[in-house]
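Peer 1: Residue-level listing of the chains:
There are 2 protein chains.
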Amino acid sequence: MDVKKYLTQQCAVVEQALARYMLPEEGVLANHIQAMRYSLFAGGKRIRPILALAAAEALHAATAPLLPVACALECIHTYSLIHDDLPAMDDDDLRRGKPTCHVVFGEAAAILAGDGLLSFAFELLSHPDALQGISPQAQLTMINTIAKAIGPVGMVGGQSLDLAAEGQAIDFEHLRLIHGYKTGALITASVQAGAIFGKGDENQFAALSRYGAQIGLAFQIVDDLLDVEGTTADLGKTAGADAQRNKATYPAFFGVAKTKVMAKEAVDAAVTALEIFDAKAEPLRAIARYIYERNN
Amino acid sequence: MDVKKYLTQQCAVVEQALARYMLPEEGVLANHIQAMRYSLFAGGKRIRPILALAAAEALHAATAPLLPVACALECIHTYSLIHDDLPAMDDDDLRRGKPTCHVVFGEAAAILAGDGLLSFAFELLSHPDALQGISPQAQLTMINTIAKAIGPVGMVGGQSLDLAAEGQAIDFEHLRLIHGYKTGALITASVQAGAIFGKGDENQFAALSRYGAQIGLAFQIVDDLLDVEGTTADLGKTAGADAQRNKATYPAFFGVAKTKVMAKEAVDAAVTALEIFDAKAEPLRAIARYIYERNN
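From first to last, the protein sequence lines are chains L and D.
Counting along the first sequence from 1, when you hit position 252 you're at 252 in our numbering, and nothing is skipped either side.
Plus 1000 on top of the position in the second sequence (first one is 1) and you've got our numbering.
Hints in this document: simulated from the structure, not taken from any laboratory.
In this text, a Cβ means the ideal position worked out from N, Cα and C, and glycines have one as well.
Incorrect hints may appear among the rest.
Pairs of lysine to aspartate or glutamate residues, derived as EDC-like cross-links and limited to a Cα-Cα distance of at most 20 Å, are as follows [as the list claims (entries may be wrong)]:
hint, chain 1, residue 1, chain 2, residue 2
1, D, Lys1148, L, Asp268
2, D, Lys1148, L, Glu26
3, L, Lys148, D, Glu1166
4, L, Lys148, D, Glu1107
Chain L is nowhere near these chain D residues, computed Cβ spacing over 12 Å in every case [claimed, not checked]:
hint, residue
5, His1060
6, Gly1158
7, Tyr1181
8, Asp1223
9, Gly1230
10, Arg1294
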């Protein structure tokens, strides 16, 4: 399959849904909504929503009713980027080739844009529209899965560990842990949301969870590689930032060549996890391979 | 009834539940959890959880299964205080008589403590334990009600308007709007959560919502009064901060005497809203009166 075409198509589907669900930039709250929309519509690849939809597709589910959940996942991802970029955190001025939220709107407005997007995500997740084709019980399980993945023992905890590790000598096990929380948890939860929506049985859910964990890992390894090998223009964010901050990364531990092998291994493990699925899982397989190819 | 005794008892019930549900300060994430616990266990009055429990009680419901929801409301309130106190926001060094979260743990850790508490709140709200005695559908309605109340067109939006209004000449209608979003929305949602849990019918839900809106208003008016009349030692936060920041407040618009009358009117309206309820609503009535008495 033509994965680039698939990603472009699905990205457009998510983009349209986001435009439909997101608040319009009008009324007394226009400034706040403008800051949220600025970062939300800054050209993200929508990979987490696309993964949720593709996981549901792998289980032969009609994916349209999953769109509010898909949009919520993107709101959560965007909130995490806005907060991570803040001066008190990673202090990044560029994101996706554009000035970051706090550069444009100021620090207070950026903190609140993140807070607003996170709250709005849970409004979408509990949205009555998200009910079609799924039991309220399953919807609750989905909300709980996502909330856990992004909380203290998940994405936020990972960012906290990441900041604490800056300039410290950490071992590889600790790096894996940070990545797992910071990047892996939400990616895995995105795939799991699709699995819950698609009414996967226990085996299918476990397989999709393994897939999610492995592509989360691949994603992070490739991100580390791109930071070393990419240019600021390619990345849309400052290249070489990790090395500048003296951050522990895969290339710093293993060198570029070995890191590429490890990325490939994670992708292969992700594809292997999908053995029990038929051709409907082809998008998931293609996405896994594509993550590796981003850098090759 | 002895409202102080009731509040002390219920505060202890909430405190115990928070201790039970909140993550322990151990393991690799201990620092992050410590920052969350520092603010969560800093001596809050637990008024929002108590309101949720009291609203359920007014509907003759057994309130124990509502405790995860009650704790979630307190996590949300605490997150909002941590973020509001940040240097980029209100820049407050004192809260409940203690140094604020960012003063103790640094700005990045405080932002993440807030983010962690907000995410954890939704984990609690979708917690399987919160299911006892309530349908999954009702639980979803509760999550949606709370998420809406604290999002862009709610608490976060209110904080955004509040910051934008600093040093600006705003009219009273705008002040009411800010208060409604910033303080009223979560207080109302807390009462509504209890109403949903207690299976209130349409009339009961509307009455409890009116009660919530009126005590939210009373709460904010009294808060404005305390900032004028209290001392830093009484308040546990910096007294006179509103005037220093040239903030629009009820006393600034109407003077202290007229503001007291307005607080009393809001409390009376809250009590009147509860006419259709029997003696089980006495705690709600007593809490309304107590809000006014805080300042008298």
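Peer 1: Each hint should be assessed against the structure and marked as holding or not.
Peer 2: Okay, the hints, checked on the actual structure:
Of the supplied pair hints, the one linking Lys1148(D) and Asp268(L) is violated, its CA atoms being roughly 42 Å apart against a limit of 20 Å. Distance check on the hinted pair: Lys1148(D) and Glu26(L) sit about 18 Å apart at the alpha-carbon level, within 20 Å; holds. With a CA separation close to 36 Å, the supplied pair Lys148(L) and Glu1166(D) exceeds the 20 Å bound. A threshold of 20 Å between alpha carbons decides the hint, and for Lys148(L) with Glu1107(D) the separation of about 24 Å lies outside it, so the pair is violated.
The beta carbon of His1060(D) is kept farther than 12 Å from every beta carbon of chain L, the shortest such distance being approximately 24 Å. At the 12 Å boundary, the C-beta of Gly1158(D) falls inside the reach of chain L, the nearest C-beta of that chain being 9 Å off. Some Cβ of chain L comes within 12 Å of the Cβ of Tyr1181(D); the nearest lies about 8 Å off, and the non-interface call is violated. No Cβ of chain L comes within 12 Å of the Cβ of Asp1223(D); the nearest lies about 20 Å off, and the non-interface call holds.
The Cβ of Gly1230(D) sits about 26 Å from the closest Cβ of chain L, beyond the 12 Å cut-off, so the non-interface label holds. Residue placement check: Arg1294(D) keeps its beta carbon more than 12 Å from all beta carbons of chain L (closest about 28 Å).
Checked against the numbered hints given earlier, the structure breaks hints 1, 3, 4, 6, 7 and satisfies all the rest.
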